[in-house]
Amino acid sequence: MPTAYKLIGGDGQEYGPATLEELRSWIVDGRVNGQTLIWNSDDAQWRKAGQREELRWDLPSAPPVMPSVPAVRFVPAGFLLRLAAYCLDFLIVNMASSILCTPFAPQLRILLEGADPEVLGTDVGRMLDFYQQAGPLMLLISGIYSVVSVLYYVGFHGHTGSTPGKRLFGIRVVNVDGSALNYRRALTRYGGELLSFLILGFGYLMIITHPEKRALHDLLANTRVIRIEPV
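143 is the number that our numbering gives to position 140 of the sequence shown; each next residue is one higher, with no gaps.
Quick caveat, the hints were computed from the structure, so don't treat them as lab data.
Hints are not guaranteed to be accurate.
[Unchecked claim] Between beta-carbon pairs, the in silico distance windows are: (1) 103 x 162: 50 to 60 Å; (2) 63 x 162: 37 to 47 Å; (3) 200 x 103: 13 to 23 Å; (4) 182 x 211: 22 to 32 Å; (5) 95 x 179: 23 to 33 Å; (6) 15 x 178: 49 to 59 Å; (7) 201 x 178: 49 to 59 Å; (8) 24 x 163: 31 to 41 Å; (9) 143 x 82: 13 to 23 Å.
In this text, a Cβ means the ideal position worked out from N, Cα and C, and glycines have one as well.
Construct the complete structure from the given sequences, taking the supplied hints into account.
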């Protein structure tokens, strides 16, 4: 004798008996879901449809539960916030460069201690001799700082859009359309930042007056600096 089923409908009424095939057709019609109570003549128990093994593959899969995402908005980062992040990044770059330059520091210190500014200022020969000895070493140290600086700013901006200093203050560099930077755009922005520095820092001061708080290097690289705040 085939197994008989009964069910409690959405109106609270009992329906059946029905065969397994009829029950499956009701699932297709949307009359039965995973929470519908179903009675089976074999076990004489009421169970939810989703708990019955014979109906497990007939019921539609439950939609995935999407995690709740807090509502946020992106606003331009102001001058003081960017200045604080820059100071921290500048300190990190200088510390890293100093560590790498440690092997050359004693030799440079000896050269500087043995140089009398008054004598160098009046004796051209000694001045040229000093720069001949100290010049290559100073260029090497400057080169190390430059390489560390490029790797730091271009690397972090191209990878995540935020240096450690920016991340600490919750700000990020993005393209004007809000998309993430790539390494090429990050390098372009770094070159523009050198220009902002070379013109006595006026490129940075544009942040104060620009309606979107963009500096000269942001305009040249088509980027902007934003901070994330909850709505």
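Each hint tested on the structure:
1. 103 x 162: 50 to 60 Å: At 21 Å between Cβs, range violated.
2. 63 x 162: 37 to 47 Å: About 42 Å separates the Cβ atoms of residue 63 and residue 162, which means 37 to 47 Å holds.
3. 200 x 103: 13 to 23 Å: Between residue 200 and residue 103, where Cβ atoms are some 22 Å apart, the hint holds.
4. 182 x 211: 22 to 32 Å: holds, 26 Å
5. 95 x 179: 23 to 33 Å: holds, 27 Å
6. 15 x 178: 49 to 59 Å: holds, 58 Å
7. 201 x 178: 49 to 59 Å: violated, 24 Å
8. 24 x 163: 31 to 41 Å: violated, 57 Å
9. 143 x 82: 13 to 23 Å: violated, 35 Å
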